[in-house]
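> If you read the sequences in order, they're chains A and B. Quick note: to get the working numbering, add 115 to the position in the first sequence (first position is 1). Quick note: to get the working numbering, add 90 to the position in the second sequence (first position is 1).
No lab work stands behind these hints: they were computed from the structure. Treat the hints loosely; a few may be bogus.
Some but not every residue of chain B turned toward chain A, in silico, with C-beta under 7 Å [claimed, not checked]:
1. 210
2. 215
3. 223
4. 303
5. 306
6. 333
7. 340
8. 347
9. 351
Just the calculated beta-carbon pair ranges, DEER-fashion [said to hold, decoys possible]:
10. 226(A) / 275(B): 45 to 51 Å
11. 271(B) / 122(A): 36 to 42 Å
12. 272(A) / 134(B): 23 to 29 Å
Think of the CB as a built atom: it goes at the ideal place given N, C-alpha and C, for glycine as much as any other residue.
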Amino acid sequence: MLKFLLTRIASAVPTLLIVTAAIFALMRMIPGDPAVLMLGDMAQPGQVEELRQRMGLDQPLPIQFVTWLGKVLSGDFGQSIATGEPVLPLIFERFGVSASVVLIAVVLASVIAVPAGMIAAWRQNSLGDVAIVGTATLMLSVPSFWLGLMLLTVFGLWLGWLPVVGYVSLADDPTAGLLYLIMPVLTLVMVEAGAITRMARASTIEVARLEYITHARAKGLSERAVMWRHAFRNAFAPTWTLIGLILGSLLANIAVTETVFTIPGLGRMLIDGIFARDYPVVQGCMLFIAFIYVAVNLLVDLIYPLLDPRVAA
Amino acid sequence: MSVLGLSLPRLRLNGLLGMGILTTVVLVAILGPVLVSGDPLALDFRARLMGPGPGHPLGGDEFGRDVMMRLIHGARTSIWIAFFTTCFAILSGLVVGILAGFLRGWTDRVLMMFNDALLAFPGLLLALGFMAVFGASRHGIIIALGLAYMPAVVRVVRGTVLSLREREFVEASRVMGNSEAVTMMRHILPNCLAPVTVLATTMFGWVILAESALSFLGLGVPPPEPSWGNMLSTARPYAAQAPHLILLPGLCISITLLGVNMFGDAIRDWLDPKMQG
Chain A
116 MLKFLLTRIA SAVPTLLIVT AAIFALMRMI PGDPAVLMLG DMAQPGQVEE
166 LRQRMGLDQP LPIQFVTWLG KVLSGDFGQS IATGEPVLPL IFERFGVSAS
216 VVLIAVVLAS VIAVPAGMIA AWRQNSLGDV AIVGTATLML SVPSFWLGLM
266 LLTVFGLWLG WLPVVGYVSL ADDPTAGLLY LIMPVLTLVM VEAGAITRMA
316 RASTIEVARL EYITHARAKG LSERAVMWRH AFRNAFAPTW TLIGLILGSL
366 LANIAVTETV FTIPGLGRML IDGIFARDYP VVQGCMLFIA FIYVAVNLLV
416 DLIYPLLDPR VAA
Chain B
91 MSVLGLSLPR LRLNGLLGMG ILTTVVLVAI LGPVLVSGDP LALDFRARLM
141 GPGPGHPLGG DEFGRDVMMR LIHGARTSIW IAFFTTCFAI LSGLVVGILA
191 GFLRGWTDRV LMMFNDALLA FPGLLLALGF MAVFGASRHG IIIALGLAYM
241 PAVVRVVRGT VLSLREREFV EASRVMGNSE AVTMMRHILP NCLAPVTVLA
291 TTMFGWVILA ESALSFLGLG VPPPEPSWGN MLSTARPYAA QAPHLILLPG
341 LCISITLLGV NMFGDAIRDW LDPKMQG
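Next comes chain A alone, as it looks inside the complex (with noise of 0.2 Å):
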């Protein structure tokens, strides 16, 4: 057990290590000098010089990377253009936003998505399962942006029952803050849950196919025994996986989300730096966002053979 998670735990040291030039070589490709950003149109070539040596742009790039890569290693991210504040801070700040709406929006998606699948795949090509598809389908098909969009004109502007623009923190103010979380949160749920019950049918349908289930049956069993100690475990366990990525792109994804709700959350900070041209906000959203989603993966597949039996750690 403890080689499986050492070994894997180990393997996504040079992922990040990848991920990390990766982004740092996308941020290089961005047209425009950083040091001429910095300091606007107006500065003195001199001036411009002595920044970049400052900033250490003069040196060969591997340098570059390697100088970079230390800073970062030590939670330095740099400090925003903009504002000249450090960014680390601010990721973490903006991230305790996003991450409150995700994960409430994903544990509640899991919660009326996996059952609803497996219900689904049990009474397959039933009425039921008819039903359960297409809706999921339907919501698979609808944009988070477009229903978010809709719900904010229906509730908050024709009936006026929620906030529109603006968030509050849950911990300033939990009663508040929960009346803005409603809508986003019910957007990502109702987007999300469409493609985990899809998942937990097809991986229920798979399973139940499987032998030993025809051999719980004819032991006796009840259906409910059959579907809950015999199938779940086995057949949760891929869902178990998309559930991992929903999560880790979420923090991507919700940039969108955070748009439509006016919320002060890491994707919108990400957007707003790429049209700031903040090159450092953007880096670190980037860095932040891609290891967070490393950091889920692993974990997911750490958890994995707890879910299932037949991964043996």
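Let chain A serve as the given structure and place chain B on it in line with the hints.
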């Protein structure tokens, strides 16, 4: 009638429905601007924020531009981008995947190292990074999304090639004295097409969704050129006065995606009959 060696009658009702929706959208994209004359950029200030009515069947937008014309041209933009992006991702993925899977050794190791690095990013994050480099434009989106989705194709193709290269017919081709290039083109490539077709249909949907999301964020198709995503983005401040500006472009995206998803499901069921039960 058969396609890729499979009989057509097994395409079920939802598949036909999906194909119908998809065909309609593609036809509107290609023929719409020819059949319905009108300029999606023409301003008519009397029609500003106007609901559906005479002269403008689907109303006017915040500048009084005709919404129907803009939706038709938006379809053209979406389909055009989705088509070229999917082609780009599939073709480059086929090349890299076949090379890696068939040649193995160092070629495989190096190619897969880069591929796995790209796979370690969430798709949209990678696309956003590329958009920061290329800037918001049609070509920028095609390259950014193409590169973001290529690694998935490489994985699928390489996996298929790895199992194919051990088969007798590949061995036979070698024994017959065919070069590696001929074996790859004539014996490996055709056998990769079935799984790639499934992936291509799904990807077409991903691209339409991602392009509209990027355009909605202001990092996709730049205004005034209409796309469904940027129409939603510019209509946001007017949601209360002119809800049709929010309703219609989103409906277009959703219906198109529904068509793609149903068609994709049907194609997958077709190639994987297990799921039909």
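> Hints first: check each against the structure and report whether it holds.
Cross-check of the supplied hints:
no.: 1; hint: 210; in the structure: holds, 5 Å
no.: 2; hint: 215; in the structure: holds, 4 Å
no.: 3; hint: 223; in the structure: holds, 5 Å
no.: 4; hint: 303; in the structure: holds, 5 Å
no.: 5; hint: 306; in the structure: holds, 5 Å
no.: 6; hint: 333; in the structure: holds, 6 Å
no.: 7; hint: 340; in the structure: holds, 3 Å
no.: 8; hint: 347; in the structure: holds, 4 Å
no.: 9; hint: 351; in the structure: holds, 5 Å
no.: 10; hint: 226(A) / 275(B): 45 to 51 Å; in the structure: holds, 50 Å
no.: 11; hint: 271(B) / 122(A): 36 to 42 Å; in the structure: holds, 38 Å
no.: 12; hint: 272(A) / 134(B): 23 to 29 Å; in the structure: holds, 26 Å
The structure fails none of the hints (numbered hints given earlier).
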